[in-house]
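Peer 1: Going down the list, the protein sequences come from chains A and B. Numbers 1 to 111, taken from the working numbering, label the letters of the first sequence in order. Numbers 112 to 223, taken from the working numbering, label the letters of the second sequence in order.
No lab work stands behind these hints, which were simulated from the structure alone. Mixed in with the good hints there might be a few duds.
With a straight-line Cα cutoff of 20 Å, these simulated SDA-like cross-link-like pairs (lysine to any residue) come out [claimed, not checked]:
id: 1; chain 1: B; residue 1: Lys-215; chain 2: A; residue 2: Gln-44
id: 2; chain 1: B; residue 1: Lys-153; chain 2: A; residue 2: Tyr-10
id: 3; chain 1: B; residue 1: Lys-113; chain 2: A; residue 2: Gly-42
id: 4; chain 1: B; residue 1: Lys-153; chain 2: A; residue 2: Lys-57
id: 5; chain 1: B; residue 1: Lys-215; chain 2: A; residue 2: Arg-107
id: 6; chain 1: A; residue 1: Lys-57; chain 2: B; residue 2: Gln-112
id: 7; chain 1: B; residue 1: Lys-215; chain 2: A; residue 2: Pro-39
id: 8; chain 1: B; residue 1: Lys-153; chain 2: A; residue 2: Gly-40
What follows is a set of in silico ranges between Cβ atoms, one per label pair, in the way DEER data are often shown [stated by the list, open to error]:
id: 9; chain 1: B; residue 1: Ser-131; chain 2: A; residue 2: Gln-44; range: 24 to 34 Å
id: 10; chain 1: B; residue 1: Ile-129; chain 2: A; residue 2: Lys-13; range: 43 to 53 Å
id: 11; chain 1: B; residue 1: Ser-137; chain 2: A; residue 2: Ser-70; range: 34 to 44 Å
id: 12; chain 1: B; residue 1: Pro-125; chain 2: A; residue 2: Ser-51; range: 43 to 53 Å
id: 13; chain 1: A; residue 1: Arg-63; chain 2: B; residue 2: Lys-222; range: 43 to 53 Å
id: 14; chain 1: A; residue 1: Gly-40; chain 2: B; residue 2: Leu-186; range: 22 to 32 Å
id: 15; chain 1: B; residue 1: Ile-129; chain 2: A; residue 2: Thr-53; range: 39 to 49 Å
id: 16; chain 1: A; residue 1: Gln-17; chain 2: B; residue 2: Gly-127; range: 47 to 57 Å
id: 17; chain 1: B; residue 1: Lys-153; chain 2: A; residue 2: Gly-58; range: 30 to 40 Å
id: 18; chain 1: B; residue 1: Pro-192; chain 2: A; residue 2: Gln-18; range: 37 to 47 Å
Using N, Cα and C, we set each Cβ at its ideal position, and we do this for glycine too.
Residues per chain are reported as follows:
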Amino acid sequence: KAGVTQTPRYLIKTRGQQVTLSCSPISGHRSVSWYQQTPGQGLQFLFEYFSETQRNKGNFPGRFSGRQFSNSRSEMNVSTLELGDSALYLCASMNSYNEQFFGPGTRLTVL
Amino acid sequence: QKEVEQNSGPLSVPEGAIASLNCTYSDRGSQSFFWYRQYSGKSPELIMFIYSNGDKEDGRFTAQLNKASQYVSLLIRDSQPSDSATYLCAVKSGGSQGNLIFGKGTKLSVKP
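So here's chain A without its partners, still in its complex pose:
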């Protein structure tokens, strides 16, 4: 079975721009979660989508948004980028046993 895939793997943006990241979950998994990982804060939960609906949301500003499509693929968008948004963004898909499997991540650098 193919794993979780994320595109792009690397991104460089400047402050004020917006960015869209994509995630394809493992086939059959309907839940997709997004996390931000930084050296100082560790892995922080952004939001979870299940069957095209946002099921959970972390404590991030409204500049961070997401959506899920009928094929379970998910996208997250960050608008008005700030320097502090530089991080590794990880997507994880979850099976019915609550096991989450991570994709390789997208490394975002904001200049």
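Starting from the known structure of chain A, fit chain B onto it as the hints suggest.
Peer 2: Same frame as chain A, but now just chain B:
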């Protein structure tokens, strides 16, 4: 604020020894507990999960859960240099549809 705490380390053990990684959590209602391993520059990979009090063994790994003490641990027997990584404890909070809360991880170094 629901929290998961881990000693950041680094924890250094000699090859062949037992490595013991610990984690405490604040949400007494948490039901599911997970251990992930993350190599430098890579994404986390799931090692094992535990739901019930007691021990759960999978190969060289043993997870231990004590819900009364809100404590979960991971033992790695016969540690190998390839086990050198950061180990993340994650707790599913908020019931069956809650999200995972991660600790900041413990860095393990296994010396040959």
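Peer 1: Decide, hint by hint, whether the structure agrees.
Peer 2: Consistency of the hints with the structure:
1. Lys-215(B) <-> Gln-44(A): Distance ~9 Å between Lys-215(B) and Gln-44(A) Cα, so the pair holds.
2. Lys-153(B) <-> Tyr-10(A): holds (13 Å)
3. Lys-113(B) <-> Gly-42(A): holds (15 Å)
4. Lys-153(B) <-> Lys-57(A): Violated. Lys-153(B) to Lys-57(A) sits at ~25 Å, over the 20 Å cutoff.
5. Lys-215(B) <-> Arg-107(A): holds (19 Å)
6. Lys-57(A) <-> Gln-112(B): holds (14 Å)
7. Lys-215(B) <-> Pro-39(A): Roughly 9 Å separates the two Cα atoms, so the pair holds.
8. Lys-153(B) <-> Gly-40(A): Holds. Lys-153(B) to Gly-40(A) sits at ~17 Å (cutoff 20 Å).
9. Ser-131(B) <-> Gln-44(A): 24 to 34 Å: holds (26 Å)
10. Ile-129(B) <-> Lys-13(A): 43 to 53 Å: holds (45 Å)
11. Ser-137(B) <-> Ser-70(A): 34 to 44 Å: holds (37 Å)
12. Pro-125(B) <-> Ser-51(A): 43 to 53 Å: holds (49 Å)
13. Arg-63(A) <-> Lys-222(B): 43 to 53 Å: holds (44 Å)
14. Gly-40(A) <-> Leu-186(B): 22 to 32 Å: holds (29 Å)
15. Ile-129(B) <-> Thr-53(A): 39 to 49 Å: holds (44 Å)
16. Gln-17(A) <-> Gly-127(B): 47 to 57 Å: 51 Å Cβ-Cβ, so the 47 to 57 Å window holds.
17. Lys-153(B) <-> Gly-58(A): 30 to 40 Å: violated (23 Å)
18. Pro-192(B) <-> Gln-18(A): 37 to 47 Å: holds (43 Å)
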